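Engineer: Sequence:
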Amino acid sequence: MSARHMPRRALLSVSDKNGLIPFAQKLSSHGVVLLSTGGTAKALREAGLDVTDVSDVTGFPEIMDGRVKTLHPSVHGGLLGREGIDDAAMKEHGIAPIDLLVVNLYPFEESVRKGADEAGLVETIDIGGPAMIRAAAKNFERVCVITDPEDYVPLLAQLDEGGTTRSFRKQQSSIAYGRTAQYDLLISQQLHEGEEPPRRTGSVGRLASTLRYGENPHQKSASYTTAEERIGVLSAEQLQGKELSYNNLNDTDAALELAAEFRDRPAVVIVKHANPCGVATGDSIAEAYTRALRCDPVSAFGGIIASTRRIDRQAAEEITKIFTEVVIAPGIDEDAKELFAKKKNLRLLMIPELPDPAQPRKILRPIAGGFLMQDHDTIVFADELKVVTKRAPSEKEMADLRFAFTVAKHVKSNAIVYAKDGATVGVGAGQMSRLDSSRIAARKSQDAAEAAGLKEPLVKGSVVASDAFFPFADGLLAAADAGATAVIQPGGSMRDDEVIAAADDAGLAMVFTGLRHFRH
1 MSARHMPRRA LLSVSDKNGL IPFAQKLSSH GVVLLSTGGT AKALREAGLD
51 VTDVSDVTGF PEIMDGRVKT LHPSVHGGLL GREGIDDAAM KEHGIAPIDL
101 LVVNLYPFEE SVRKGADEAG LVETIDIGGP AMIRAAAKNF ERVCVITDPE
151 DYVPLLAQLD EGGTTRSFRK QQSSIAYGRT AQYDLLISQQ LHEGEEPPRR
201 TGSVGRLAST LRYGENPHQK SASYTTAEER IGVLSAEQLQ GKELSYNNLN
251 DTDAALELAA EFRDRPAVVI VKHANPCGVA TGDSIAEAYT RALRCDPVSA
301 FGGIIASTRR IDRQAAEEIT KIFTEVVIAP GIDEDAKELF AKKKNLRLLM
351 IPELPDPAQP RKILRPIAGG FLMQDHDTIV FADELKVVTK RAPSEKEMAD
401 LRFAFTVAKH VKSNAIVYAK DGATVGVGAG QMSRLDSSRI AARKSQDAAE
451 AAGLKEPLVK GSVVASDAFF PFADGLLAAA DAGATAVIQP GGSMRDDEVI
501 AAADDAGLAM VFTGLRHFRH
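Counting from 1, position 34 in the sequence shown corresponds to residue 34 in the UniProt record's numbering; the numbering is continuous, with no gaps.
Simulated from the structure, these hints should not be mistaken for laboratory data.
Note that this is a predicted model, so its numbers are computed, not measured.
There's no promise every hint is true.
To be verified - When the alpha-carbon atoms are kept at most 27 Å apart in a straight line, the in silico DSS-like pairs for lysine-lysine are as follows:
# : residue 1 : residue 2
1 : LYS26     : LYS42
2 : LYS362    : LYS114
3 : LYS344    : LYS321
4 : LYS396    : LYS386
5 : LYS396    : LYS455
6 : LYS455    : LYS321
7 : LYS390    : LYS460
8 : LYS42     : LYS17
9 : LYS17     : LYS170
Said to hold, decoys possible - What follows is a set of in silico ranges between Cβ atoms, one per label pair, in the way DEER data are often shown:
#  : residue 1 : residue 2 : range
10 : ARG265    : LEU71     : 48 to 58 Å
11 : ASP421    : LYS242    : 30 to 40 Å
12 : LYS220    : GLU384    : 41 to 51 Å
13 : HIS30     : ARG200    : 34 to 44 Å
14 : HIS520    : SER394    : 32 to 42 Å
15 : GLY31     : PRO73     : 21 to 31 Å
16 : ASP16     : GLY202    : 23 to 33 Å
17 : PHE472    : GLU338    : 50 to 60 Å
18 : ASP86     : ARG230    : 40 to 50 Å
19 : HIS520    : GLY492    : 10 to 20 Å
20 : ALA341    : MET64     : 51 to 61 Å
21 : ALA341    : LYS42     : 44 to 54 Å
We put the beta carbon where it would ideally sit given N, CA and C, even for glycine.
Construct all of the structure, not just a fragment, from the sequences and the given hints.
Structural biologist: Structural data, given as C-alpha cells:
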C-alpha cells in the first residue's frame with residue numbers, strides 16, 4: 001500500500017450537519033463517490049451533489065423508522081474488507097470498498113441536556129452509527145473514519161496532499177473509539193437505576209484545552225468538559241489574561257463552588273491552593289471583598305476571587321490593590337473591566353450564572369489500579385440544628401454558625417472556621433490534628449488583626465465551625481481560649497458528653513448538625 005491513500009467511496013451519515021455541504025463538495029471535487037442515508041442524503045441532493053442511497057447499495061430499504069438501514073454486509077464488508085486479503089471474498093459477494101466513513105451519532109447528549117424522558121432517550125440511542133464507526137476504525141490500514149466536524153478541515157488538507165496517511169487514519173481511529181466509548185458510557189449512566197453503584201463506569205469528557213502543564217511543570221495536563229449541562233469554570237468567558245493553568249482551574253473551581261453556596265446574597269470568596277482564606281457577605285461586592293480580605297490578607301496575595309454578583313468599579317478598585325491570579329463573576333461592568341485591564345497578568349472570567357451547588361453528580365478520584373467514585377456533597381444541613389449545651393446560641397450567633405459551617409464544607413479536613421458578622425475571621429485547613437487547625441486559625445486571626453492595627457484579634461467574639469466532630473475537648477477549648485462564643489459541629493464522638501461538658505464549663509453555646517463534611 002502506498003504511503004497515502006485517496007478514498008474512492010465515502011459514506012456520509014451525520015446528525016450534526018454543520019459544515020457538511022462545503023465538505024462534501026470538496027470530497028466530490030476529489031472524485032470521491034458519495035453514499036448516504038436519510039436526512040444527510042436529502043441535504044446533499046438539495047445542495048446539487050450526486051449521492052447514492054445506501055439502500056441502493058444494500059438492496060434493502062430503510063425500515064423501522066430508520067432504525068435499520070446500514071446494518072448490512074454490503075456496508076460492513078465495504079468497511080472491514082482488508083486490501084490484499086479479502087479481495088476475493090468481496091468480489092464473490094459483490095461488495096465494493098468504502099474507504100471513508102463520516103458519521104456523527106444521534107444526539108443522545110443533547111437529549112440528556114434537554115431532560116428527555118426515558119422514551120426520548122432511547123430513541124436517540126444510535127445503533128448503526130457506532131457499529132460502522134467501530135468497523136471503520138478497526139480497518140484504519142485502509143479506511144479513514146471521521147466522527148467530529150472539526151476534523152473535516154484536516155482531512156481535506158490530507159486529500160489535497162494526495163490522500164490520507166496511515167498516521168492520520170490511526171489518529172482518527174483512536175478518536176473514533178474514544179467517541180463510541182464516551183457515547184456508550186453516557187448511555188449506561190443514564191439507564192442505570194437503583195442505589196447500587198454501576199458495575200462498570202468511568203469518566204465521560206471531551207477535550208476542552210491542552211494545558212501548559214499540571215500541578216508542576218513536569219506533569220502533562222488537559223481539561224475536559226462533560227456531557228452534563230453545568231455552569232462552571234470551563235464554561236466561563238475569559239476576558240483577559242494569559243492561559244489558565246491546571247492550578248488556576250482547580251482553585252477557581254473551588255472558589256466558584258463555595259461562592260455558589262451564597263448565591264442568594266452579595267458574597268466574595270478568596271481561595272489559595274484550593275482552600276478558602278477569606279469568605280464574606282456584605283451589602284455590596286466591594287464591602288464583601290474587603291471583609292473577606294481582612295481574614296487573611298497575606299494568603300490572599302496571588303489568590304483566586306469568586307463573586308456572587310456583578311463586579312462594579314468600586315469592587316474592582318478594591319480587588320486591584322493587590323496581586324490576584326483570577327477573578328470570576330456572573331457579570332463585570334464595563335468600567336470595572338477598564339480597571340482590570342491595567343493588570344495584564346490577571347485572568348478575568350465571566351460566567352452567565354452561578355452553578356447550582358445542589359445539582360447531583362459523581363466525583364471520580366484516581367488511585368493506583370483504579371479510581372474511587374462518590375456522590376457530590378450537595379447538602380450542608382440535613383436536619384434542624386440540635387442545641388446540646390445549657391446555653392442556646394443567640395439569633396446572631398446562629399446565623400454566623402450556619403455561615404461558618406457552610407464555609408467549612410469547602411475547607412480541606414481537618415477544617416476549623418471562625419466567623420463573625422457573616423465573614424470568616426480565621427481558617428485552619430488540612431491539618432492532621434483538629435487541635436492544630438483550631439490553633440492555626442486563631443493565630444492567623446491574630447496576625448490579621450496586627451496587620452490591620454487592631455487591638456484584639458478578629459476571632460474574639462466569633463463562632464467556630466468544625467467539619468467533623470471534636471474527638472477530644474482540646475480543640476474546642478482552644479477555640480474558647482481564642483475568643484469563640486459558640487460552636488457548630490456534627491457530633492457523634494464517643495466523647496460527646498465530655499466535649500459538651502467542656503463547652504458548658506466555658507460558657508459556650510454548641511449545636512450539633514448530625515452531618516459531617518470531610519473534604520480530602
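Engineer: Which numbered hints does this structure break?
Structural biologist: Checked against the structure, no hint fails, so every one of them is satisfied.
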